[in-house]
Every structure is written in structure tokens, then in C-alpha cells.
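Trainee: Put chain B on the given structure of chain A with help from the hints.
In order, the protein sequences belong to chains A and B.
Residues 1 to 203 (the working numbering) make up the first sequence, in order.
Residues 1 to 203 (the working numbering) make up the second sequence, in order.
Check before you lean on any hint, since a few could be wrong.
Below 25 Å or equal to it, Euclidean Cα-Cα: the simulated DSS-like pairs (lysine-lysine) are [as the list claims (entries may be wrong)]:
id, chain 1, residue 1, chain 2, residue 2
1, B, K143, A, K46
2, B, K46, A, K143
3, A, K7, A, K46
4, A, K46, A, K2
Calculated directly from the structure, the hints in this document are not laboratory data.
There are 2 protein chains.
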Amino acid sequence: MKVYELKRAPNARRVRMFLAEKGVDMAYEQVDLSGGENLSPDFLAKNPAGRIPVLALDDGSYLSESVAICRYFEELYPDNNLFGTTPLERAQIEMWSRFIEFNLWQPAGMAFRHITGFYQDRETCFPEWGQECKLLTGQWFGKLEERLQASVYIAGDRFTIADILALCAIDFAARTLALHISDEQIALKRWYDAVSSRPSAQA
Amino acid sequence: MKVYELKRAPNARRVRMFLAEKGVDMAYEQVDLSGGENLSPDFLAKNPAGRIPVLALDDGSYLSESVAICRYFEELYPDNNLFGTTPLERAQIEMWSRFIEFNLWQPAGMAFRHITGFYQDRETCFPEWGQECKLLTGQWFGKLEERLQASVYIAGDRFTIADILALCAIDFAARTLALHISDEQIALKRWYDAVSSRPSAQA
Numbered sequence: 001m002k003v004y005e006l007k008r009a010p011n012a013r014r015v016r017m018f019l020a021e022k023g024v025d026m027a028y029e030q031v032d033l034s035g036g037e038n039l040s041p042d043f044l045a046k047n048p049a050g051r052i053p054v055l056a057l058d059d060g061s062y063l064s065e066s067v068a069i070c071r072y073f074e075e076l077y078p079d080n081n082l083f084g085t086t087p088l089e090r091a092q093i094e095m096w097s098r099f100i101e102f103n104l105w106q107p108a109g110m111a112f113r114h115i116t117g118f119y120q121d122r123e124t125c126f127p128e129w130g131q132e133c134k135l136l137t138g139q140w141f142g143k144l145e146e147r148l149q150a151s152v153y154i155a156g157d158r159f160t161i162a163d164i165l166a167l168c169a170i171d172f173a174a175r176t177l178a179l180h181i182s183d184e185q186i187a188l189k190r191w192y193d194a195v196s197s198r199p200s201a202q203a
Numbered sequence: 001m002k003v004y005e006l007k008r009a010p011n012a013r014r015v016r017m018f019l020a021e022k023g024v025d026m027a028y029e030q031v032d033l034s035g036g037e038n039l040s041p042d043f044l045a046k047n048p049a050g051r052i053p054v055l056a057l058d059d060g061s062y063l064s065e066s067v068a069i070c071r072y073f074e075e076l077y078p079d080n081n082l083f084g085t086t087p088l089e090r091a092q093i094e095m096w097s098r099f100i101e102f103n104l105w106q107p108a109g110m111a112f113r114h115i116t117g118f119y120q121d122r123e124t125c126f127p128e129w130g131q132e133c134k135l136l137t138g139q140w141f142g143k144l145e146e147r148l149q150a151s152v153y154i155a156g157d158r159f160t161i162a163d164i165l166a167l168c169a170i171d172f173a174a175r176t177l178a179l180h181i182s183d184e185q186i187a188l189k190r191w192y193d194a195v196s197s198r199p200s201a202q203a
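Next comes chain A alone, as it looks inside the complex (with noise of 0.2 Å):
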């Protein structure tokens, strides 16, 4: 197995942390998004979306979305379970790993790429809906505090995907959008000292 990836790329290290947390190893391949690797031919074939990151699996098929791959690893290695046990901690760790790519990731994302027009050779920019965006990212910064307040970790009272997928938003917000956790944000902050300090996080 192999998965093809970009190593500065918040989706690859969602699979890089999540594989660290398992002590799965794996081999990577880096793909070149900024001079279009990913729209090749070659690479549609791969994934017709034309994202990374890609698992190449031994039979020659290959899987794509960071949480479908982090799943298929959760149930080849059920060790350190990080999808939840029962059907409504799964549902619930589901629900807050959905929050987060849906208010925080997504918004992040695309702040990024409207206001910076990083991938302007392939898309339409619009700077202001960009703006809009980085907006909605900090208010979901307000969101998690108030959680974390009630709860030790993003989905309840450990750590789980969810944790993993919030992390990698909020590092590539501060990265590339300068938005940081606010000194009133304490329990946000108590809980990115501890995820950001699990070995996982520097895979």
C-alpha cells in the first residue's frame, strides 16, 4: 500500500496522524497540486475529484477522502479505536467530525484559496467571499471553546478522529490565514497543548 499525498496539505496529515496514532506504517508518494499533478490524466483515473490524499491498495484499486481512508485503517486495526465503540458514540463522534469539516475546515479552506487565489489558474476567485469565509472559521474558534468547556476532547471524554480533523483545521488556519486561539479562549487552548503535544502530531 501506498498513499499519494501533499506533505503540507491539512487532508494528507489528517491520514499521516491518524496512521501515527495506529503505529500503522506507510509508504508516501508526494504529489505536485501547485503544478497540477492532480488534474492529470493519470491522476483522475486514480481519483476522479483530483485530491490527495489517495491510498493505492495491493489489489490496484485505489481509495480516496482522508476520513474513508482513516476508516478502512480503523477497521483493519481496531486497536486504540478513534470512530467510537457503540452506535451512539460512533454517531456522535461522526456528528462532531462532520461540525468540524463542514464549519471550520471547509471555511479555512476555502478563505484560503479565494483570498490568496492560490489555485487561480484552475478556479474563479472571490476575494470577499474569502473574507466572508475567514469570518465564519474564527466564529466556530468561539464554538469549540464553548464545548470544550463541557468536554475534555472535541467529541466527548477522549480523543477520537474528531480531534485529529479539528487540529489539522485549526493549525492550517493559523498557517496560512493568521487566525489563533484567542487568550480568552483557555479551554481551547488546554485542549490544543494536549493534542498538539501526542507524538502523532508531528507525522
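Mentor: Chain B alone, transformed into the frame defined by chain A:
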């Protein structure tokens, strides 16, 4: 148990269709989205994201996000499997579900909101971005045509949650954006006729 929803909202339809496929009876309560009932403190206590559908559980807790709700019922009622049985099939169904959500449903939803200003009392709209989203939605009709030339259903050779997500998105795009399957998209039309004629499509 009870589901808070809005009958005409596509994410609410996902849950109704899923429960109809599973043969699960459910009580529903309508939420006045246009009037902002979903942004009231009472509703935000149920779902901090302020969205429908929300499942009220018998223990007094709440579960949000359509796909998390569906997965919860999948695990409670494993007959007529819709999320996959093996680790690989489950990952493939999740991959296609995410393709549909991110590339078809989300652009369609943003197009509707930004073009019509439907929620302009509570969000800033950029009509040009809405038009771009409409273009992106239409492009994925073409991606689905390619996929369905090679596959009977979206995620493989049987009906799954991915087909529910796709049907809800396509019907929404037709109704609100006047985006329709073209005469040349024969495989997509074949799939659409098969899926929309299931009794659950009327739920």
C-alpha cells in the same frame, strides 16, 4: 425518539428516505427555518450548528448531522445494509458519499443561498460566487455520468446511502437551480429513474 426537520429540506429528506429503506417508523416535528427558529437558544442547545435534522433520543440527548443519524440507525437496524459490510466496501461507500456531499450537494446548497439570498437576513451573499457554485454543481453531473457508465449504483453494484445523498442533491438542484440531467447523460438518467422510483423516494 423524534426528528426535528423541515419537510422540504434536502438533508431532512436523506434521513426520511433512509428510515423508509430500513422500515423504521419515526415521529417528526417541523422547524421554521425561514423564521429563524433554528437559531433560537432553545434549538442551539440541541444542535450548536443550528441546522436540521436533529434526532431527539429517549435519554434526553440529541444527535445532529444527517449522515451521523443514518449511521446510528444503520447500526441499530443492520438488516438491509446501506453503509457497507466489509472494511473496503464501507470505505468505498464513504468515499462516494463524500464525493457527493462535497462536489454536488454543497455547491448546490451554496448556489441556492448565494443566488437567491434566501437567508440574507442572517448571512452575507455573493451572487457571483453562487453562479460559480452552480457551474461546479453541473460539472459533477458529468462526473456522475462517467461513474454510472461503469457502475450500476453510485458506490458499486447495489443501492447504498451514497445513492440517497445523490438523489437528494440532484432533486434539490433541479428544483432550486433548474439544473437537469441532459439527454446525453444516459447512464445518469437510467440511475435516476431506478432510484427515484423506489418507494422510499416519496418518504
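Trainee: Now, for every hint given, state plainly whether the structure supports it.
Mentor: Hint check results:
1. For the given pair, B/K143 sits about 14 Å from A/K46 by alpha-carbon distance, which is consistent with the 25 Å threshold.
2. Between B/K46 and A/K143 the alpha-carbon distance is near 14 Å, which keeps this suggested pair within the 25 Å criterion.
3. A C-alpha spacing of about 19 Å is found between A/K7 and A/K46, which places the hinted pair at or below 25 Å, so the restraint holds.
4. With a C-alpha separation of about 12 Å, the suggested pairing of A/K46 with A/K2 holds against the 25 Å cut-off.
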